[in-house]
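For the protein sequence lines, the chains are A and B, in the order given. Under this note's numbering, the first residue of the first sequence carries the number 1, and numbering increases by one thereafter. Under this note's numbering, the first residue of the second sequence carries the number 1001, and numbering increases by one thereafter.
Derived by calculation from the structure, the hints in this document are not laboratory data. On a predicted model such as this, the values are computed, not experimentally measured, just so you know. Errors might be hidden in some of the hints.
Stated by the list, open to error - Here are the simulated lysine-lysine pairs, DSS-like style, with alpha carbons at most 25 Å apart:
1) B/1130 / B/1090
2) B/1130 / B/1116
3) B/1090 / B/1101
4) B/1090 / A/283
5) B/1090 / B/1074
6) B/1116 / B/1177
7) B/1016 / A/120
8) A/118 / B/1016
9) B/1101 / B/1116
10) B/1074 / A/283
11) B/1101 / B/1074
12) B/1107 / B/1090
What the hints assert, rightly or not - Ranges between beta-carbon positions, derived for each pair:
13) A/273 / B/1094: 32 to 40 Å
14) B/1129 / A/182: 21 to 29 Å
15) B/1132 / A/277: 22 to 30 Å
16) B/1238 / A/182: 36 to 44 Å
Where a beta carbon is used, it is the ideal one built from N, C-alpha and C, also for glycine.
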Amino acid sequence: MTVKVPLRYRIPWKKIVLYVLAIGFALYLVLPFYWIVAMSFMHEVDAISVPPHWIPSSPTLENYLGFVNPSESQALVGGRANEETPYSLRNSLIVATCTAVLNLALATFAAYSFSRLKFKGSQVLLVLYLITRMVPGIAIIIPFYLLMRSFGLLDTYLALILSYTTFALPITIWILKDFFRSVPRELEEAARVDRCGWFRTMWSVFLPVAAPGLVAAGVFAFMTAWNEFMFALFLTSTKAAKTIPVVAANFATDFNTQFTVMAAAGVLAVVPPLLLALIFQRKLVQGMAAGSVKG
Amino acid sequence: MAEVRLEGITKSFGGKTVVKDLNLTVEDREFLTLVGPSGCGKSTTLRMICGLERATGGDIYFDGKPVSWLPANKRDVAMVFQSYALYPHKTVGQNIGFALKMMRVPKATIAEQVLKAARTLDIEDLLDRKPRELSGGQRQRVALGRAIVREAGAYLLDEPLSNLDAQLRVLMRAEIKRLHVDVARTFIYVTHDQVEAMTMSDRIAVMRDGVVQQCATPEEIYERPANRFVASFMGSPPMNFVTGELQDVDGVRMFRSTATGAVGRGRNQALSQEVTLYGGEGPADGKVVLGVRPEDVSLSQTPLPGYRPGKVFVAEPLGPDVLVTVRLDGELVKARVPTPFRLGYDSTVHVGFNQDRLHLFNASDGQALQAPTREERP
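So here's chain A without its partners, still in its complex pose (with noise of 0.2 Å):
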């Protein structure tokens, strides 16, 4: 005789199967960051133990204040990591910031223009801008290098934006180019009728509107030129322009590698990002265009 299971009595396989599928994917992302967190706080003793305190058993700041006051065995970590991290942070902050400017500043005229205008070869041109980002940086680097050196610009900031600039670019325009179509003409034309010229109806309506795709793009691009690696290495030398990321690695490169330490370099890597991401949250997410027309 069989027992028929009411249909409330169920094991929800699917539901159990898709929430252990969800959370061990959380795990996954969030773990090794809560590692370099934790471990930022550490000792190097507790730090390299097994198997690993998960909780550091006496925290401590140590490691941040190295930065700012490197001990002995600290100064000669990695040809002066320590001592240049403050400086690449604020390195990277003003790259970063100034790529993301720029690239919104000309992003939005070009996309502006692909959503807006009708012209002949725009869908080539398009195309054409994306074509340029198939290119690998390893094979335009030394070009990049020397032009950069014969215009005196080797390890500056302004070496960076360039060449950032010109990677995130084209993305950038996509992006703002996909998200400017769906602002509808009609509130444009509201505003010219509101007796607003051009500049204007950008000014108070269009760009405001748009917003949520502007600070996608924005972020964007200040994730590319704060990520950065390879051009940084090649393009500075000094601290006066090395970005965090050059700095990071050379913690690798020490005889004595010092885990506590470069975790706590990653920490202050992530944390501008991560402030960025967080003020932007609902920007973001928010369908601003919502309500403007009948929908």
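With the hints as your guide, set chain B onto chain A.
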């Protein structure tokens, strides 16, 4: 205050001409409606008046001054868009006051004007909300508010009611009409809904394929349509048409139906109807189309002189009236008769046309053969 005059306006997109040689004068403080089926060029015409679209040919004048070369922000117009086009990042108050801000009106005055407009439209308590928090009807009011807050020469409305549900549409229709009286400005209104056109306008311009078919008062359009298109487009349900020819029988001008099965005498005797032509002789070949509005068709259960037998095809109650479709000589004729109507499907009914309210159109080009004016009518 503005009189809007269009002279020989033409607009082409690519090779396609959507507005052809349009001549139209909208008087100061008039409510003129451009009506027609979709694609007839009415919205394009409005956009040209607004300055959002540049005419391919012809000139536009506001109060006698040419404005064709002026962009939208330099013309003295306000517009209500079909989609409302409210600024999503601004509050209702900011939306309404935006044009004034652009005109550098002092802040205090803006606040005052915005409140006044909001009071007129009964949206005072919505001023701090964002458009996405509003219902369709409220958005529609905000869009109107954005227009009326300005003292523009002309107010242009592009199908402002088409996104509202039927009930709200009737309400807003009345409100816009009243608004026109209150603000006393020139209104140019675009719609594809002939009921809106009939109910709201001082004058209606009926458009088709980029050409104005007739521009006249609603009464004139309804009672003396210039051609078959206007006759069929204006009026709901539309006018009945019976094709036939004009004949002189014993000195009396007769219309005879040439519809299927309407040849010969006896049971299949053609519909023949005495008609009067006022001025002119009608087309040389005598081929005409007889038009009669449903409310000018009467039905009788018993035979009456001048009535012809038909069969009830379907009856649709409308409340006070019943719309009865009768199969008459192979054509379907609609009659609007008072409730109650109790005859069943396919029962015989006798159909009579109101002799004084018949329309005749040339069968070849659809132009109206001159119909009687109200004064001429017996």
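Worksheet item: Is it true that the CA of residue 1090 of chain B sits at most 25 Å from the CA of residue 1074 of chain B?
Response: 23 Å, holds
Worksheet item: CA of residue 1016 of chain B to CA of residue 120 of chain A, is that 25 Å or under?
Response: Satisfied, since the Cα-Cα distance of roughly 20 Å is no more than 25 Å.
Practice prompt. Please work out if residue 1090 of chain B and residue 283 of chain A have their alpha carbons no farther apart than 25 Å.
Written response: Answer holds: residue 1090 of chain B to residue 283 of chain A is near 15 Å, not above 25 Å.
Worksheet item: Does the Cβ-Cβ separation between residue 1132 of chain B and residue 277 of chain A fall within 22 to 30 Å?
Response: At 24 Å between Cβs, range holds.
Discussion item. Hinted pair, alpha-carbon criterion (25 Å max): residue 1074 of chain B, residue 283 of chain A. Please report holds or violated.
Written reply: Roughly 34 Å separates the two Cα atoms, so the pair is violated.
Practice prompt. With a cut-off of 25 Å on the C-alpha distance, tell me whether residue 1130 of chain B and residue 1116 of chain B pass.
Written response: 19 Å, holds
Fill in: Verdict for residue 1129 of chain B, residue 182 of chain A (Cβ pair) under range 21 to 29 Å
Given range 21 to 29 Å: holds, Cβ gap about 23 Å.
Worksheet item: Do the alpha carbons of residue 1101 of chain B and residue 1074 of chain B lie within 25 Å of each other, as the hint requires?
Response: 15 Å, holds
Fill in: Agreement of residue 1101 of chain B and residue 1116 of chain B with the hint, judged by alpha carbon distance not exceeding 25 Å
16 Å, holds
Practice prompt. Please work out if residue 1130 of chain B and residue 1090 of chain B have their alpha carbons no farther apart than 25 Å.
Written response: 6 Å, holds
Worksheet item: For the pair residue 1238 of chain B and residue 182 of chain A, does the Cβ-Cβ distance stay inside 36 to 44 Å?
Response: 40 Å, holds
Worksheet item: Is residue 1090 of chain B close enough to residue 1101 of chain B, meaning Cα to Cα at most 25 Å?
Response: 13 Å, holds
Figure legend: structure checked against the earlier numbered hints; the only hint not met is number 10.
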